Amino acid sequence: EDKVVQSPLSLVVHEGDTVTLNCSYEVTNFRSLLWYKQEKKAPTFLFMLTSSGIEKKSGRLSSILDKKELFSILNITATQTGDSAVYLCDQWAGSYQLTFGKGTKLSVIP
Amino acid sequence: GAVVSQHPSWVICKSGTSVKIECRSLDFQATTMFWYRQFPKQSLMLMATSNEGSKATYEQGVEKDKFLINHASLTLSTLTVTSAHPEDSSFYICSAHRGQGQPQHFGDGTRLSIL
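Here the protein sequences come in this chain order: A and B. Reading the first sequence from the start, the letters are residues 12 to 121 in my numbering. Reading the second sequence from the start, the letters are residues 305 to 419 in my numbering.
Because the hints were derived from the structure by calculation, they are not lab data. Treat the hints loosely; a few may be bogus.
[As the list claims (entries may be wrong)] With a straight-line Cα cutoff of 30 Å, these simulated DSSO-like cross-link-like pairs (lysine-lysine) come out:
#: 1; chain 1: A; residue 1: Lys-52; chain 2: B; residue 2: Lys-359
#: 2; chain 1: A; residue 1: Lys-68; chain 2: B; residue 2: Lys-368
#: 3; chain 1: B; residue 1: Lys-324; chain 2: A; residue 2: Lys-113
#: 4; chain 1: A; residue 1: Lys-78; chain 2: B; residue 2: Lys-370
#: 5; chain 1: B; residue 1: Lys-368; chain 2: A; residue 2: Lys-78
#: 6; chain 1: B; residue 1: Lys-370; chain 2: A; residue 2: Lys-113
#: 7; chain 1: B; residue 1: Lys-359; chain 2: A; residue 2: Lys-116
#: 8; chain 1: A; residue 1: Lys-113; chain 2: A; residue 2: Lys-79
#: 9; chain 1: A; residue 1: Lys-67; chain 2: A; residue 2: Lys-52
#: 10; chain 1: B; residue 1: Lys-370; chain 2: A; residue 2: Lys-68
#: 11; chain 1: B; residue 1: Lys-345; chain 2: A; residue 2: Lys-52
#: 12; chain 1: B; residue 1: Lys-368; chain 2: A; residue 2: Lys-14
#: 13; chain 1: B; residue 1: Lys-324; chain 2: A; residue 2: Lys-79
#: 14; chain 1: A; residue 1: Lys-116; chain 2: A; residue 2: Lys-52
#: 15; chain 1: A; residue 1: Lys-79; chain 2: B; residue 2: Lys-318
#: 16; chain 1: A; residue 1: Lys-51; chain 2: B; residue 2: Lys-368
#: 17; chain 1: B; residue 1: Lys-345; chain 2: B; residue 2: Lys-370
#: 18; chain 1: B; residue 1: Lys-345; chain 2: A; residue 2: Lys-14
#: 19; chain 1: A; residue 1: Lys-67; chain 2: B; residue 2: Lys-370
#: 20; chain 1: B; residue 1: Lys-359; chain 2: A; residue 2: Lys-14
#: 21; chain 1: A; residue 1: Lys-52; chain 2: B; residue 2: Lys-368
#: 22; chain 1: B; residue 1: Lys-370; chain 2: B; residue 2: Lys-359
#: 23; chain 1: B; residue 1: Lys-345; chain 2: A; residue 2: Lys-67
#: 24; chain 1: A; residue 1: Lys-78; chain 2: B; residue 2: Lys-359
#: 25; chain 1: B; residue 1: Lys-370; chain 2: A; residue 2: Lys-14
#: 26; chain 1: A; residue 1: Lys-116; chain 2: B; residue 2: Lys-345
#: 27; chain 1: A; residue 1: Lys-48; chain 2: B; residue 2: Lys-324
#: 28; chain 1: A; residue 1: Lys-48; chain 2: A; residue 2: Lys-78
#: 29; chain 1: A; residue 1: Lys-113; chain 2: A; residue 2: Lys-52
#: 30; chain 1: A; residue 1: Lys-113; chain 2: B; residue 2: Lys-359
#: 31; chain 1: B; residue 1: Lys-324; chain 2: A; residue 2: Lys-52
#: 32; chain 1: B; residue 1: Lys-324; chain 2: B; residue 2: Lys-370
#: 33; chain 1: A; residue 1: Lys-68; chain 2: B; residue 2: Lys-318
[Claimed, not checked] Computed, partial: chain A to chain B, Cβ under 7 Å:
#: 34; residue: Pro-19
#: 35; residue: Phe-41
#: 36; residue: Arg-42
#: 37; residue: Ser-43
#: 38; residue: Ala-96
Bear in mind that the values here come from a model prediction, so they are computed numbers and not experimental data. The beta-carbon is built from N, C-alpha and C at its ideal position, and this holds for glycine as well.
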């Protein structure tokens, strides 16, 4: 059974649209939740969330954590073709336990 | 700039060959590094945690004799795929972080193709 579940698995939108990506996780030993963007090569770090209800923002991207409902969302506003990538969420659960979700593949078409 | 360097980027070799992949942290000391494998259209799968000066910790289902990990210094971990076969063809990625719970910095990955 997957510990980190992302949805949707795949998403196709037009430039300018706003998208919301979801990540649900298990509570056991939860320390933080991290979002990464993976294009052609290795993932690059986007956000790390440890506290519930506090939005992290970077340009058109933002993310928030809900520790009561055990999920996080990643929002991208005014999407651009350069946002096309696989977005991964990773639960850090004590010690060195790392669990990545399967990712959401976002395709932004002109 | 890159904080984790991984080499080589791409390897093509014959079945039965052993292949070594290097992962270096460039501007910080990493007592722990991670090795992942990623098959096409799938997510990262943690293979093992590389610990400086001690044995690596392997995830369930990963053969430790097949995937040899050496973490001889605070800035270098190596993964050796021994007697590689076509089913070992995959994208291998390493990562390191500055401290527990800190974001991981990933290498650019190594695409391994075994003929």
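Hints, verified against the model:
With a CA separation close to 28 Å, the supplied pair Lys-52/A and Lys-359/B stays within the 30 Å bound. Under the criterion of a C-alpha separation no larger than 30 Å, the hint pairing Lys-68/A with Lys-368/B is inconsistent with the structure, at around 41 Å. Simply put, Lys-324/B and Lys-113/A have alpha-carbon atoms about 27 Å apart, close enough for the 30 Å limit, and the pair holds. A threshold of 30 Å between alpha carbons decides the hint, and for Lys-78/A with Lys-370/B the separation of about 39 Å lies outside it, so the pair is violated.
Note on Lys-368/B and Lys-78/A: the hinted pairing is violated, with a Cα-Cα distance of about 36 Å set against a maximum of 30 Å. Simply put, Lys-370/B and Lys-113/A have alpha-carbon atoms about 25 Å apart, close enough for the 30 Å limit, and the pair holds. Under the criterion of a C-alpha separation no larger than 30 Å, the hint pairing Lys-359/B with Lys-116/A is inconsistent with the structure, at around 36 Å. Note on Lys-113/A and Lys-79/A: the hinted pairing holds, with a Cα-Cα distance of about 22 Å set against a maximum of 30 Å.
Simply put, Lys-67/A and Lys-52/A have alpha-carbon atoms about 25 Å apart, close enough for the 30 Å limit, and the pair holds. Distance check on the hinted pair: Lys-370/B and Lys-68/A sit about 42 Å apart at the alpha-carbon level, beyond 30 Å; violated. For the hint pairing Lys-345/B with Lys-52/A, the CA-to-CA distance comes to about 13 Å; that is within 30 Å, so the pair holds. At roughly 24 Å between alpha-carbon atoms, Lys-368/B and Lys-14/A fall within 30 Å of each other, so this suggested pair holds.
Annotation: proposed proximity of Lys-324/B to Lys-79/A is violated, straight-line Cα distance about 44 Å (limit 30 Å). Note on Lys-116/A and Lys-52/A: the hinted pairing holds, with a Cα-Cα distance of about 14 Å set against a maximum of 30 Å. Taken as a hint, the Lys-79/A and Lys-318/B pair is broken in the structure, with Cα atoms around 52 Å apart against an allowance of 30 Å. Proximity of Lys-51/A to Lys-368/B is assessed by CA-CA distance (about 28 Å); at most 30 Å being required, the pair is judged to hold.
A distance of roughly 24 Å separates the Cα atoms of Lys-345/B and Lys-370/B; the hinted pair therefore holds under the 30 Å criterion. About 19 Å separates the Cα atoms of Lys-345/B and Lys-14/A, which keeps this hinted pair within 30 Å; it holds. Restraint check for Lys-67/A and Lys-370/B: not satisfied, since their Cα atoms lie roughly 41 Å apart, outside the 30 Å limit. With a C-alpha separation of about 26 Å, the suggested pair Lys-359/B and Lys-14/A falls inside the 30 Å cut-off, and the hint holds.
A C-alpha spacing of about 26 Å is found between Lys-52/A and Lys-368/B, which places the hinted pair at or below 30 Å, so the restraint holds. As the CA atoms of Lys-370/B and Lys-359/B are separated by approximately 14 Å, the hinted pair is consistent with the 30 Å bound. For the hint linking Lys-345/B to Lys-67/A, the alpha-carbon distance of about 28 Å falls within 30 Å, and the restraint holds. For the given pair, Lys-78/A sits about 35 Å from Lys-359/B by alpha-carbon distance, which is inconsistent with the 30 Å threshold.
For the hint pairing Lys-370/B with Lys-14/A, the CA-to-CA distance comes to about 27 Å; that is within 30 Å, so the pair holds. Pair hint Lys-116/A plus Lys-345/B holds up; C-alpha atoms about 9 Å apart against a cutoff of 30 Å. Among the hinted pairs, Lys-48/A with Lys-324/B is consistent with the structure: their alpha-carbon atoms are about 27 Å apart, no more than 30 Å. With a C-alpha separation of about 22 Å, the suggested pair Lys-48/A and Lys-78/A falls inside the 30 Å cut-off, and the hint holds.
A hinted pair counts as satisfied when its Cα atoms are at most 30 Å apart, and Lys-113/A with Lys-52/A qualifies at roughly 16 Å. For the given pair, Lys-113/A sits about 28 Å from Lys-359/B by alpha-carbon distance, which is consistent with the 30 Å threshold. Between Lys-324/B and Lys-52/A, the direct Cα distance comes to roughly 19 Å. Compliance with the 30 Å bound is thereby established for this hinted pair. At roughly 12 Å between alpha-carbon atoms, Lys-324/B and Lys-370/B fall within 30 Å of each other, so this suggested pair holds.
For the hint linking Lys-68/A to Lys-318/B, the alpha-carbon distance of about 47 Å lies beyond 30 Å, and the restraint is violated. Among the interface hints, the one on Pro-19/A is violated; its C-beta lies about 14 Å from the nearest C-beta in chain B, farther than the 7 Å criterion. Using the Cβ-Cβ criterion of 7 Å, the hint placing Phe-41/A at the interface with chain B is not satisfied: the shortest such distance is roughly 11 Å. A least Cβ separation of about 5 Å between Arg-42/A and chain B falls short of the 7 Å threshold, and the interface hint therefore holds.
With 7 Å as the threshold, the beta carbon of Ser-43/A comes within range of chain B, its nearest partner Cβ sitting at about 6 Å, so the hint holds. Taken as an interface hint, Ala-96/A does not check out: its beta carbon lies about 13 Å from the nearest beta carbon of chain B, beyond 7 Å.
Violation of the numbered hints given earlier is confined to hints 2, 4, 5, 7, 10, 13, 15, 19, 24, 33, 34, 35, 38; the remaining hints are satisfied by the structure.
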